[in-house]
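Trainee: Each chain is listed here by its residues.
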Amino acid sequence: MNKRKMSSNAKSVGAVFLAVLLMAMALAGCSSSSGSAGSTADKGSSAAAAAPADTAGTEDAGGDTIIVGGLWQTTGFMADYEIPGSEGFELALEEINAAGGIDGKQIEYVYYNGESELDLNSSLIAKLIDVDGAKVVVGLGDPNSAIASGTVAQGKGVPTLATSSTLPYTQDRVGDTAFLVPFGDNVQAYAAAEYAYSDLGLTSVYVVTDSTDEYTLSLSKFFQERFTAIGGTVLGENTYDDNGYTDFSPSIQKIKALDTPPEALFFASFTDQGPTILKQFRDAGLDQPVFSGDGLDSVAIAEIAGEAANNTYFTTHVDYTESNAKVANFLAAYTAKYGEEPLNAFAALGYDAAYLIKYAIEKNGNGDYSAEGIKNALGKVTDFEGITGTISYANGHVPNKTVYICEFKDGTKVNLLSVLPAAE
Amino acid sequence: MDFFTGSLLSGLQLGSIYALIAIGYSIVYGILRLINFAHGDLLMVATYAAWILIARSQSLAFAVVGSVAITIVFGLVIERVAYRPLRDAGEETTLVTSLAVSIFLQNLFLMVFTPKNQAFLLPDFFSQKILNVSITNMSVVIFVVTGILIAVVSLIIKKTKLGMAMRACAENSGAAKLMGINLNGVVIFAFVVGSALAAVAGVLYSGQYVSFNPSMGFMIGIKAFAAAVIGGIGSFAGAAAGGLLLGVLEILFACYLPQGAGVYQTAFVFLVLIIVLLVKPNGLFGVAEERRS
Numbered sequence: 003m004n005k006r007k008m009s010s011n012a013k014s015v016g017a018v019f020l021a022v023l024l025m026a027m028a029l030a031g032c033s034s035s036s037g038s039a040g041s042t043a044d045k046g047s048s049a050a051a052a053a054p055a056d057t058a059g060t061e062d063a064g065g066d067t068i069i070v071g072g073l074w075q076t077t078g079f080m081a082d083y084e085i086p087g088s089e090g091f092e093l094a095l096e097e098i099n100a101a102g103g104i105d106g107k108q109i110e111y112v113y114y115n116g117e118s119e120l121d122l123n124s125s126l127i128a129k130l131i132d133v134d135g136a137k138v139v140v141g142l143g144d145p146n147s148a149i150a151s152g153t154v155a156q157g158k159g160v161p162t163l164a165t166s167s168t169l170p171y172t173q174d175r176v177g178d179t180a181f182l183v184p185f186g187d188n189v190q191a192y193a194a195a196e197y198a199y200s201d202l203g204l205t206s207v208y209v210v211t212d213s214t215d216e217y218t219l220s221l222s223k224f225f226q227e228r229f230t231a232i233g234g235t236v237l238g239e240n241t242y243d244d245n246g247y248t249d250f251s252p253s254i255q256k257i258k259a260l261d262t263p264p265e266a267l268f269f270a271s272f273t274d275q276g277p278t279i280l281k282q283f284r285d286a287g288l289d290q291p292v293f294s295g296d297g298l299d300s301v302a303i304a305e306i307a308g309e310a311a312n313n314t315y316f317t318t319h320v321d322y323t324e325s326n327a328k329v330a331n332f333l334a335a336y337t338a339k340y341g342e343e344p345l346n347a348f349a350a351l352g353y354d355a356a357y358l359i360k361y362a363i364e365k366n367g368n369g370d371y372s373a374e375g376i377k378n379a380l381g382k383v384t385d386f387e388g389i390t391g392t393i394s395y396a397n398g399h400v401p402n403k404t405v406y407i408c409e410f411k412d413g414t415k416v417n418l419l420s421v422l423p424a425a426e
Numbered sequence: 003m004d005f006f007t008g009s010l011l012s013g014l015q016l017g018s019i020y021a022l023i024a025i026g027y028s029i030v031y032g033i034l035r036l037i038n039f040a041h042g043d044l045l046m047v048a049t050y051a052a053w054i055l056i057a058r059s060q061s062l063a064f065a066v067v068g069s070v071a072i073t074i075v076f077g078l079v080i081e082r083v084a085y086r087p088l089r090d091a092g093e094e095t096t097l098v099t100s101l102a103v104s105i106f107l108q109n110l111f112l113m114v115f116t117p118k119n120q121a122f123l124l125p126d127f128f129s130q131k132i133l134n135v136s137i138t139n140m141s142v143v144i145f146v147v148t149g150i151l152i153a154v155v156s157l158i159i160k161k162t163k164l165g166m167a168m169r170a171c172a173e174n175s176g177a178a179k180l181m182g183i184n185l186n187g188v189v190i191f192a193f194v195v196g197s198a199l200a201a202v203a204g205v206l207y208s209g210q211y212v213s214f215n216p217s218m219g220f221m222i223g224i225k226a227f228a229a230a231v232i233g234g235i236g237s238f239a240g241a242a243a244g245g246l247l248l249g250v251l252e253i254l255f256a257c258y259l260p261q262g263a264g265v266y267q268t269a270f271v272f273l274v275l276i277i278v279l280l281v282k283p284n285g286l287f288g289v290a291e292e293r294r295s
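Chain order of the listed sequences is A and B.
Be aware that the first sequence starts at 3, since it is given in the numbering used here, and climbs by one per residue.
Be aware that the second sequence starts at 3, since it is given in the numbering used here, and climbs by one per residue.
Careful, some of the hints might be misleading.
[As the list claims (entries may be wrong)] Which residues of chain A face chain B? A partial, calculated answer using Cβ under 8 Å:
| no. | residue |
| --- | --- |
| 1 | Thr77 |
| 2 | Tyr242 |
| 3 | Thr248 |
| 4 | Pro252 |
| 5 | Lys258 |
| 6 | Asp261 |
| 7 | Pro263 |
| 8 | Thr273 |
| 9 | Pro277 |
| 10 | Thr278 |
| 11 | Gly308 |
| 12 | Lys411 |
These aren't lab readings, by the way, just hints derived from the structure by calculation.
We put the beta carbon where it would ideally sit given N, CA and C, even for glycine.
Between the sequences and the hints, there should be enough to build the whole structure, so can you do that?
Mentor: What follows is the structure, given as structure tokens:
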């Protein structure tokens, strides 16, 4: 046998192997999905005709529009949040345009799919601002993406409204153009910790954390911080790498090896892993109450995990069963447009984002429709009444809003109570 | 059950699934020198097929058989359309083609089924625990099915004429052709076996881990490919051993690395695999051979 040839074969397989390793790292957790752009401009021509009398006294607003950008992650791991979010946002834009727009100006809407990928988000937001001329951008995905694209927007002075990212220190990382529509992770994790310890009387917890996203890391950190501060004990934490891992037995084995079993479990992950974790916990005989954040808000989880989802509590942004005219109107309009009830609270956050822009510009804009003007108008927002609670940006760009605590019960989502966190 | 036994069993369970997929990579590579990256996506195809059939027919057995059949059809169509016309092109060409097929399959399923996570629900029987320890019936099913399939495929390769033809083609396809072996027939058979194993692996994987989406196959495919390389790509026994080794290493590293380092389990796993390859460049069971041009 020819020795030199032999080693060249070994090398070539080795080289392919290394190339694949690199590729696996680069593509880890990604979903290579189809065409990234879906751009429509909502011209609302019929809407403008619907209210011609309103513009009679003022200057003609016919050719004048405000360009709003959407950067949604409608494929990839954020799709479960961002599809409802984008649908809620679009619904609100249609309503606003039909009712005469903002200050009589129609909204022109341009949107792209960021595919839950960092690099794509950074370039798409630049395109939205530089090519399409967006004056404010909504959506942005998980904190990792929101910080990446938000930083680009900050450099161009264009405000962003994140509807899914709940990272409380977004403004510190990005700058004064970054606004959050939802509450921060500190607020929701504190509420969950207090509910577990004070309301349910659970004194010890084991924590499982996805270490690949800012959201899961901060959610887990704030939960542990609060749970310990009010007297509970954190028996341990296991972090895992979300990329391609669906086997949670390391966490389960570690929990089972504890001298005293924890009274409660907490995990920080996204919806795609929720059912998998819950089922494996229950299959392994871990029947403790499980807690998590808004990442778990999806009726699909209860349906997928079935009985395994029972005794699971999570925090979220809205209660669709609340007897509140605004919520009821939203639900009716959403169901009429999309044929089913929203999957989760993120539809409501998207809906609120659109009305928040209108409220800010009309109340604080002083007729300045530039990106700078919209940013300043948003910064002055106080007491905007949305369907997900009241938003004020006076004390920072992360609103301190009502937290809703929910439970999964026999395949459905049940709202338990709402907590209005104390003002900081 | 203590910490070590529990971790080891979990590792073997995950490893069994990797092994089933790795075998598919390995036998196709053995005959065609083709690294078929679309193989991982067949797992996803099988899951969707089984999911639809369970919902339609309410019969698990029918769904599994139907899913295997559908996956075999996908495997054969891919072979016929994407790989056979390139049979004489270089390994690099077919490698890139297989990546293209993988991306095509994922996007096709994204378009048809949306990126939404779906539930793969098996009857409660599978979640029941055995003898009050934390092994579910599903784990037992995974071990038993994997064991039987490996034994059956191994018998086919060792004892039947078709198996002998496969081994002959793997050794030297040119010479095998000259001896009157129908290469196309052997390739088709390899794709049938590989696709069927991937289909079973897909059903087992989704049954165990519940939720699935169109991109599920990619990472698993990459890992099974790594397993096949470690075992010695082209070797049947090597693929099975490599899969088990990879699964066990993954879980044990995650269990035993100190707090904080557990996140880097993947890095540690692949570090070990690189060391294995440095010591045995052809993999654990691989046979050194001349590269065919």
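Trainee: Going through the numbered hints above, which ones does this structure break? Give me the numbers in ascending order.
Mentor: 6, 7, 12
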